[in-house]
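Colleague: Using the sequences plus the hints, can you model the full thing?
Residue numbers (our numbering), protein chains in the order written: chain A, 1 to 236; chain B, 1 to 417.
Because the hints were derived from the structure by calculation, they are not lab data. On a predicted model such as this, the values are computed, not experimentally measured, just so you know. Hints may be right or wrong, so weigh each one.
[As the list claims (entries may be wrong)] With a straight-line Cα cutoff of 30 Å, these simulated DSS-like cross-link-like pairs (lysine-lysine) come out:
no.	chain 1	residue 1	chain 2	residue 2
1	B	Lys186	B	Lys222
2	B	Lys98	B	Lys150
3	B	Lys404	B	Lys222
4	A	Lys110	B	Lys98
5	B	Lys214	B	Lys88
6	B	Lys81	A	Lys110
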Amino acid sequence: MSVCRTYQTEAMASLFEISIPGEQVEGEQAAVEEAFNEIHRVEQLLSRFDPASELARVNRRAQGCSIKADHELILVLSDCIEWFKKTAGNFDVSVVLSESGSPSLIPGMKLDRQGGRVELQPGIRLDLGGYGKGYALDRSAAILRRFRVDSALINGGTSSVLAYGQEEWPIDLRDPLNPEQIVGAVKLKNRGLSSSAGRFGDGREAEIIRPESGQRIESQDSCCIIAGTALAAEVL
Amino acid sequence: MFENDFDRRDFLKGTTAFVLGGSALLSEKLMAAESRKAPVRIAVIGTGSRGTFLTRRLATIEAAQIVAVCDNYPPHLEIGKEAAGGVKGYSNYRNMLKEMRPEAVIIATPLFTHAEIALEAMDYDCHVFCEKTMTYSIAEADEMVAVSQKKGLVCQVGLQRHANAVYEQAHELILDGMLGEITTVKCQWHRNGSWRRALPVEPGDPDYDRLEQKLNWRLYDKYSLGLMTELASHQIDVTNWMLGSQPKRVSGLGGIDYYRDGREVYDNVFLHYEYEVPREAGGTKRVICTYSSIQTNAYEGASELIMGTKGTLYLTQGKGMFFQEAGARTDSLSTGQVKSGNTLKVSNDPWKHRGAPYELDVEGDDSRNQLVLFVDAVANEDTETIVDFNEGRIDAAGVIIGQKAMKTGQTLDIPQF
Ligand SMILES: NC(=O)c1ccc[n+]([C@@H]2O[C@H](COP(=O)([O-])OP(=O)(O)OC[C@H]3O[C@@H](n4cnc5c(N)ncnc54)[C@H](O)[C@@H]3O)[C@@H](O)[C@H]2O)c1
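Modeller: What follows is the structure in structure tokens.
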């Protein structure tokens with residue numbers, strides 16, 4: 001791989017990085033600033049921890065009461081319902097705060113897509129953590145492409161990576177229990193990669209990479225997923 | 001009763017959380033009975049970055065109905081229409097005003113167009129929310145104030161810190177005398193970035209120059225006064241508010257010292273503003289406010305420091321901190337409701353002298369809060385908005401003359417309103 005330039009910004013409690021290979025095109029820095037703005041915008045929309053985010057407002061206000069919510073958030077939530085169905089309930093964005101609350105997204109959230117409204121069962125809060133990162137990576141890639149950055153590797157902390165364009169990026173996979181230990185390597189091209197602990201996909205839309213020591217890692221409920229988009233990699 | 005209860009509560013939470021004995025004017029405003037049954041019909045003019053941001057928040061306010069959006073750049077108009085949940089789009093605001101007859105408009109176009117559009121809208125008896133900085137020139141601001149007052153319209157400038165519980169609490173602390181006598185203010189907005197918008201075409205494209213002017217308007221001095229109108233305006237406004245005064249004189253230095261990309265506005269500015277504020281013992285005293293904004297280092301970030309003989313307020317949009325001066329320190333604040341933060345004090349901590357801060361917190365989004373308050377004001381035909389056009393004019397005069405002082409290298413008097 002040739003030399004590349006790397007730009008960084010902090011968002012979603014992670015360090016996001018954009019690496020761009022090859023000759024620097026005019027306007028590259030402005031394109032990267034636009035991409036970073038988009039990542040920060042997504043954070044303002046989907047962060048559960050920022051009290052100023054739209055998701056935080058929904059979590060505060062929509063408990064037992066239907067409220068008008070941001071158009072894009074409604075689309076994101078209906079997409080989450082689709083993923084919930086596709087993964088047979090393995091992907092769920094709800095967090096249950098009370099004993100009585102239902103642990104599941106579908107009964108816990110009422111979404112009125114047409115009216116742009118959402119209601120949560122009391123005790124249910126939404127957490128779009130992983131989804132938000134994948135979503136931010138995919139959206140920032142679209143912006144970089146629009147501004148003629150033809151190839152880049154974008155990562156949102158070490159757990160989520162997206163590569164697009166002609167470049168093939170070598171990625172090391174680490175043992176989650178012993179981060180010094182590299183347990184495998186993949187070459188990423190036009191794919192999203194997400195590594196996680198405690199979540200599992202059924203692999204229907206993604207290949208699950210099992211490195212050499214896969215047995216052990218799998219038993220620690222950690223896996224690494226590569227999919228067509230960063231979002232799919234996160235969700236699966 | 002119609003809506004705003006829920007929307008108000010976000011903001012109230014912050015203000016009622018502490019209220020240091022004082023009554024928060026804003027909370028009373030927010031509690032005002034809502035008598036209207038129908039939502040306020042609002043149109044948005046300019047759906048670029050900020051206009052889209054505001055449109056999306058407006059679309060979540062139950063008491064507002066977005067009836068149309070307008071932008072003369074088609075890609076932005078499309079984004080704006082979608083953000084509004086699919087409404088009619090116009091490329092010409094005059095046509096929109098004529099056909100849709102909105103009750104109120106939100107103006108989020110580049111600085112140099114604010115006055116022209118606001119005056120036209122007021123001609124249609126529209127209430128106006130105008131983004132900061134209110135105007136490019138003081139003469140334009142004079143005209144907007146005169147027309148709005150003559151017509152009795154509800155007008156507000158987008159200086160959203162007035163709808164932020166951190167700033168509201170800070171203001172109450174000051175009124176309560178917790179800072180003692182304020183003697184010094186220090187504000188800065190330091191970032192590291194080119195401030196350039198990416199263009200959808202390559203250099204050499206026949207549209208390149210046109211789009212550069214259109215999308216990077218804030219870099220050219222016929223459209224914008226750069227850092228002064230785009231950033232400093234927020235903080236000069238905060239200083240005016242916290243001091244309860246307006247700046248009298250200004251001097252400064254600025255230039256295009258780092259970027260070499262054809263921009264015409266300064267990439268770093270350093271100014272001194274002089275205020276003349278009343279003293280408790282009678283008479284007045286001068287308070288100097290230092291201001292800086294740079295685009296090559298983000299170490300200091302964006303904040304305002306309000307410094308008094310008894311304490312210091314460090315203010316940002318997401319958090320405020322109150323430090324007592326060593327001599328004035330008490331074990332705990334009598335109010336009991338401002339919570340004390342946990343600061344680790346190591347013996348060689350260079351900041352040890354500051355003591356532990358008391359934190360001012362906020363819940364909710366001030367940009368959305370300001371729209372909730374504007375919609376409320378329109379619904380109640382209450383012309384006393386959180387930042388009316390006269391306050392917008394005072395803010396504009398401060399930054400416009402500040403720019404002129406840097407250009408001429410002179411100390412200049414600022415008109416008083
Ligand atoms: N309060 C804040 O925190 C804040 C933050 C950012 C921007 N702003 C303010 O918002 C305003 C817009 O800034 P921006 O960053 O969104 O700029 P922008 O360039 O992204 O958007 C401005 C939009 O106005 C449109 N426009 C220009 N002339 C028009 C006309 N005659 N009729 C209709 N549309 C027209 C442009 O096509 C563009 O889409 C500025 O005044 C800026 O200072 C305020």
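Colleague: Look at each hint and say if it fits the structure.
Modeller: Verification of the hints:
no. : hint                : verdict
1   : B:Lys186 - B:Lys222 : holds, 29 Å
2   : B:Lys98 - B:Lys150  : holds, 21 Å
3   : B:Lys404 - B:Lys222 : holds, 14 Å
4   : A:Lys110 - B:Lys98  : violated, 39 Å
5   : B:Lys214 - B:Lys88  : holds, 23 Å
6   : B:Lys81 - A:Lys110  : holds, 25 Å
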